[in-house]
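Residue strings, one per chain:
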Amino acid sequence: MRLTLQSLISHGRVARRIGLGPESRINILRNILTGLVRHERIETTTGRADEVRFYAEKLIDYAKKGDTDEKAMKMASFWLTEKDLVPKLFKVLAPRFETQSKDYTRMARLPARMNLDRAKMAVLEYKGNPYPPLSPIRKENELTLINQLLKAYREERSQLFAAKA
Amino acid sequence: MAACIQRLDRAIFSIRLLRNVQLHNERSLSTSLHRLALDTEQPSKFTPPVKPVIIDKTQSVASLRKFLSPEFVPPRQRTKPIKFTIERKDMIRRRKVLNIPEFYVGSILAVTMTDPHATGKNNRFVGICIQRGGRGLGATFVLRNIIDNQGVEICYEMYSPRVQQIEVLKLEKRLDDNLMYLRDALPEFCTVDTDMKPQPSSPTGEVPVNKTRVRMLPKPWSKRWERPKYDVKGIRFDLCLSPEQMEHAQKWAQPWVEYDMLKEYDTSKLEEAIYTELQQEAAAATAK
Numbered sequence: 001m002r003l004t005l006q007s008l009i010s011h012g013r014v015a016r017r018i019g020l021g022p023e024s025r026i027n028i029l030r031n032i033l034t035g036l037v038r039h040e041r042i043e044t045t046t047g048r049a050d051e052v053r054f055y056a057e058k059l060i061d062y063a064k065k066g067d068t069d070e071k072a073m074k075m076a077s078f079w080l081t082e083k084d085l086v087p088k089l090f091k092v093l094a095p096r097f098e099t100q101s102k103d104y105t106r107m108a109r110l111p112a113r114m115n116l117d118r119a120k121m122a123v124l125e126y127k128g129n130p131y132p133p134l135s136p137i138r139k140e141n142e143l144t145l146i147n148q149l150l151k152a153y154r155e156e157r158s159q160l161f162a163a164k165a
Numbered sequence: 001m002a003a004c005i006q007r008l009d010r011a012i013f014s015i016r017l018l019r020n021v022q023l024h025n026e027r028s029l030s031t032s033l034h035r036l037a038l039d040t041e042q043p044s045k046f047t048p049p050v051k052p053v054i055i056d057k058t059q060s061v062a063s064l065r066k067f068l069s070p071e072f073v074p075p076r077q078r079t080k081p082i083k084f085t086i087e088r089k090d091m092i093r094r095r096k097v098l099n100i101p102e103f104y105v106g107s108i109l110a111v112t113m114t115d116p117h118a119t120g121k122n123n124r125f126v127g128i129c130i131q132r133g134g135r136g137l138g139a140t141f142v143l144r145n146i147i148d149n150q151g152v153e154i155c156y157e158m159y160s161p162r163v164q165q166i167e168v169l170k171l172e173k174r175l176d177d178n179l180m181y182l183r184d185a186l187p188e189f190c191t192v193d194t195d196m197k198p199q200p201s202s203p204t205g206e207v208p209v210n211k212t213r214v215r216m217l218p219k220p221w222s223k224r225w226e227r228p229k230y231d232v233k234g235i236r237f238d239l240c241l242s243p244e245q246m247e248h249a250q251k252w253a254q255p256w257v258e259y260d261m262l263k264e265y266d267t268s269k270l271e272e273a274i275y276t277e278l279q280q281e282a283a284a285a286t287a288k
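The listed protein sequences correspond, in order, to chains D and B.
Numbering follows this note's numbering, with no gaps: position 158 of the first sequence is 158.
Numbering follows this note's numbering, with no gaps: position 88 of the second sequence is 88.
It should be emphasised that the hints constitute simulated quantities derived from the structure, not laboratory data.
The reader is advised that the hints may include incorrect statements.
In silico EDC-like pairs for lysine to aspartate or glutamate, Cα to Cα no more than 16 Å straight-line [stated by the list, open to error]:
1) Lys-229/B to Glu-23/D
2) Lys-58/D to Asp-260/B
3) Lys-58/D to Glu-264/B
4) Lys-263/B to Glu-142/D
5) Lys-74/D to Glu-258/B
6) Lys-58/D to Glu-258/B
7) Lys-71/D to Asp-266/B
8) Lys-58/D to Asp-266/B
9) Lys-263/B to Glu-140/D
10) Lys-71/D to Glu-264/B
11) Lys-251/B to Glu-57/D
Being a predicted model, the structure only gives us computed values, none of them experimental.
The following block holds chain B by itself, in its conformation from the complex (with noise of 0.2 Å):
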């Protein structure tokens, strides 16, 4: 879906190029329109020419990143299918609507939302997404950023009417899935600039993981983070916890729920059913 939309861009940015490069070439009609705007404007800034943009086209669809948002993947319960399904058309028409971009937990997002008490109406946050959570169209994402010393956490829901924009200013993996011990980490680590620029990002190949690992306040933390079951890999324990401390966290451990069968829950098939579907429809679309 997200490689579709990224494509009718390019397209769509390719056609109008094209369509500048075919003025300047007719020599004459560019010199005529120049005279007429000189006659009746005032003389023009220099603008410096567009950079063009080199479109690859022998990469082809399958060279893109496949990527199925995880609020598509129902969960295991006992409702019947056709709530899922009802649910996936409507979250397929508002994404028409919304272009909501690829992102993982750890990336770095602006969103606009309507604000009736904002001037100009709409609010704008940036922030570094630590979770990602919800199914179907009440999927939530938060945005954590520290502004004027406070630290400030938002969660959205991607599906709500009110949010007008959904950009992505930096696209990458973290360490972990759930970003949530940067609570209690030093705040250099969640400060994001609010005017950052988006970083350009390939649509094809891996998508690149920070491999940081954050220094942590003195405890108590919100959270035990050192215990097995929060399972966390971005921290640096060794500059905060002594091996006694790391030991005794480790009684907390389960081993046997790896092997517990009961508790698996492989949705490898789902999503490429779900995915498959949502490429048939993304074509669907575009044929109209």
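Just chain D, with the same shape it has in the complex (with noise of 0.2 Å):
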């Protein structure tokens, strides 16, 4: 193969080559974004995640039109293999995200698979979901010195006022 520049630069091109070729990519796009419906959080490598994090975004974006209109009937049911996920992305989650008009999905890495490949691994969710929160929640430490030094002072702040008003 000519080890050329051209074999570098993608000219453009935004999608992946995942798998054996373009219906390859587009099938194994599809089983992940199936399982992400289901489950609402999975475990795949990080370049497929990344893919099927924006296919999943617009999913949502098509399924907030309704399940009334056409095109975003055909999308769900293509994208879609197990068709008992087609009323739980129209009736679950796009009321979920009716509020948001972007990012709804969150994606953390992992560490890579030892067991097989040690391919870098990620986590894909959908924001909202049942399971505990993918980072901990930090919580501050109220009995550090400055915490203590702050919560003195916005103390004596607020009496000032009190005392003012």
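Join the two chains into one complex using the hints; note that each chain is given alone, in its own frame.
Below, the structure is given as structure tokens:
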């Protein structure tokens, strides 16, 4: 194979090369997306998770149009191979993201898959899922010196305002 | 843009008409002028009266057909939008000098271009538009005609300073956006009369769609037009291909492409914004 720079420059192509070809790529992403809609949090390789993220968010945009829309229904029935997930998409996921206009998914990296091929793994989830959060909620420690001083400052200020008023 | 220019043309024509009407009404003035003319010049040939053009004042701007030329819509690229705004300014400047009318693939156009080697320095070519390509100032269109049993295609750049006049002789659409298959069609479908007179078209309402399905020369063709990637609707495949051949062509079908959301490029909002910008520019120009 010619080791030219052209093989590294994508010339504006945004789709990653996954699987055996374009049809295989769409089929793989379709399976991952179906799993994501069913379980709302899945683990895959980093590249596939990044590709599915785009399709997952576009599918939610289509679902927001409502199930009476023909194009939305066709898209949903194509992308979800398990047909019992189509009503879940329209009735559960679309109303959940009604207030948001973008960023319905969250991706976090995981340690590599050591048992098989040491592939970089990532976890992809829809926001608002019922599982415990991916990153633990950081609680500020109130007993540190700075936090104690700040707490005292805030109390003094509120007392001053109360005295003035 | 095209609509505004059409309105301007109509307004100018109506003003000219009114001027003529005034002269005929003031009889004394007209007879004296006529006598003066008879004294000085030869008896003039009979000129038939000008046909009155009925200008429908009930039609408002809103009913005129909304048309945005495709070269104004920027492609999906990583370039900064300022490039497209600057280019659009230049395109509008050129359009103020040269009237580029509304036309579609399948319309019959006549283009006069400067030619240093032609007698009279201009040459005129009449043909059917088979393709509109390019965006911005490099926008092109290809005209095809058959002259002396030889197929001729000329690719014109719309904003080239050599182009003197673009005239639409027949405004219509066809079943496809790209008529490159006319190269492999029978010559009768591409011949256009060079001395064709411009046919009038209404500035409102839908553009007429010419649903002719073309008959082809025997294979081999320049491209395999029966394959689904070309999505040709204007060829009579039933006369030139067998059903087995059509089925064999379907092997190259890619049914997933229709559902691939990555390939979708929604230009509706862009088009609205660009259309309003052009209307504002035209209004500002006419106000001056």
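Each hint tested on the structure:
{"no.": "1", "hint": "Lys-229/B to Glu-23/D", "in the structure": "holds (15 Å)"}
{"no.": "2", "hint": "Lys-58/D to Asp-260/B", "in the structure": "holds (10 Å)"}
{"no.": "3", "hint": "Lys-58/D to Glu-264/B", "in the structure": "holds (10 Å)"}
{"no.": "4", "hint": "Lys-263/B to Glu-142/D", "in the structure": "violated (52 Å)"}
{"no.": "5", "hint": "Lys-74/D to Glu-258/B", "in the structure": "holds (10 Å)"}
{"no.": "6", "hint": "Lys-58/D to Glu-258/B", "in the structure": "holds (14 Å)"}
{"no.": "7", "hint": "Lys-71/D to Asp-266/B", "in the structure": "holds (14 Å)"}
{"no.": "8", "hint": "Lys-58/D to Asp-266/B", "in the structure": "holds (13 Å)"}
{"no.": "9", "hint": "Lys-263/B to Glu-140/D", "in the structure": "violated (46 Å)"}
{"no.": "10", "hint": "Lys-71/D to Glu-264/B", "in the structure": "holds (13 Å)"}
{"no.": "11", "hint": "Lys-251/B to Glu-57/D", "in the structure": "violated (32 Å)"}
The earlier numbered hints that this structure contradicts are 4, 9, 11.
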